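Peer 1: Based on the hints, put chain B in the right spot on chain A.
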Amino acid sequence: MQKISSVETLIDELCVAIQQKFTPEQLAETVMIGIHTGGVWIAERLYKKLNLQEPLGALDITFYRDDFTRIGLHPQVKTSNIPFQLDNRHIILVDDVVQTGRTIRAAMNEIFDYGRPARISLVCLVELVGHELPIRADIAGQTLTLSENEKVKLTGSEPLQLEIVTC
Amino acid sequence: MLNANSQIDKEGKLRHFLTIEGLPKKTLIEILDTAESFLSVTQQAVKKVPLLRGKTIANLFFESSTRTRATFELAAKRLSADVLNLNISTSSTTKGESLLDTIQNLAAMQCDMFVVRHQNSGAAHFIAKHVAENIAVINAGDGRHAHPTQAMLDMLTIRRHKPDFSSLRVTIIGDILHSRVARSEIHALHVLGVNEVRVVAPRTLLPHDIKNLGVHVFHDLEFGLKDVDVVTMLRLQRERMQAALLPSEREFYQCYGVTAEKLKLAKPDALVMHPGPINRGVEISSEVADGSQSVILEQVNYGIAVRMAVMAMCAR
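Chain order of the listed sequences is A and B.
Numbered per our numbering, the first sequence spans residues 315 to 481.
Numbered per our numbering, the second sequence spans residues 3 to 318.
Where hints are given, some of them may not hold.
Unchecked claim - Partner residues aside, some chain B positions facing chain A, computed with beta carbon under 7 Å: (1) Thr36; (2) Thr44; (3) Gln46; (4) Ala47; (5) Val51; (6) Leu53; (7) Pro279.
Claimed, not checked - Simulated restraints, written as ranges between beta carbons of each label pair: (8) A:Arg450 <-> B:Gly24: 45 to 53 Å; (9) A:Lys335 <-> B:Ser82: 33 to 41 Å; (10) B:Gly24 <-> A:His388: 20 to 28 Å.
Everything labelled a hint here was simulated from the structure, so no lab data went into it.
Computed from a prediction, not measured in an experiment: that's the story for all the values here.
Glycine included, each C-beta is placed from N, C-alpha and C at the ideal position.
With the rest of the complex left out, here is chain A:
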């Protein structure tokens, strides 16, 4: 079984990586959006540590999922909240776990219904091998290869804990 780092360590590493990749001037112009639910928890922490200026955005991608006709509506849909204009902005899109890329595709479709961003960078806590679409994280805290019956689960919001569960 692979060892998984603690959430706090991964978040600190993500902050360092974001600050290395983008200049302070770039970050001053950046907006951050988390994907419900785990992505919002991670985004809240990154947002605080990076001291970003614009309010934090949140997306619920339920209405944009590509498997709606198979599984129907999720009973607890959260509300998307994009409290800023995102035309020509740099967006840091945050999710907890990225694997197939389908959630990110849905999130990008939703973002483009709000406006036309200049650039979207994808940041995640854990990237799993197993993509089904040509979508990769720009910055990932940790990359893991899991067997078919394993998945990564983030529980929260206080404290945030990451574990590999067998299903």
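Peer 2: Using the frame of chain A, we list chain B on its own:
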């Protein structure tokens, strides 16, 4: 006729939406929660979500309607469905085609959902009973029977202002006899567990079995308004009245019209609601309709979100 449970499939999901009767609280809350999340779609530059892309929804209005038809059409379009509006008065029905033949033809055109408004009670149930497994039917008002999406948009309006249903006293005033809205609303308020539901009307405008609906009946507006949290007014449905049930509209306004003065009997923060169309100077004064307590136009807006929610939940 289908029983109420046939609205729910084996997995507990909504299959048709025909009446509030028989639906559990859980389903009504789910409709309200889903509608609430659709409200954020209106903040998007593109006010659309791709949920029902590729689906075809037929709006079958056998009876005239402005608000309901427009908001069902907008709701379907905001879910990215293709919408077919059928003006039945100019269609084959006038050439003698039966309801069932019309429905079967539309099913052959691969429609996925029917939104039905009909002057006869039970029409939507009848259609639901005869459509194929993959087709959902939504009742947009049938005769005097039910208008469940109107009831749910009223519930959403109430919940957004007064989230705790258990403490609320709600009064419904006017032509209860001919009102499918009143019936659906009374059922929804009971399922959501309000403290008290009152109806206020002259004896001639009340159904004989009104007490079976678990409401307190008042014939005097002053008593009916006392200390209530929500006031809903209903229009006199002249087109359905087959006898002289009222002396005159003027007299009705004197006795049952809600004016600013009479509204003071309700709680100071009471909501003023009306499903429309409103008749100023008959059941409501302009001062009340346009006043600070009125949420009548909010109801129209929430109607879109509620209809989006019900369509999304019924879609296969």
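Peer 1: Going through the numbered hints above, which ones does this structure break? Give me the numbers in ascending order.
Peer 2: As far as the earlier hints go, 2, 7 are violated by this structure, in ascending order.
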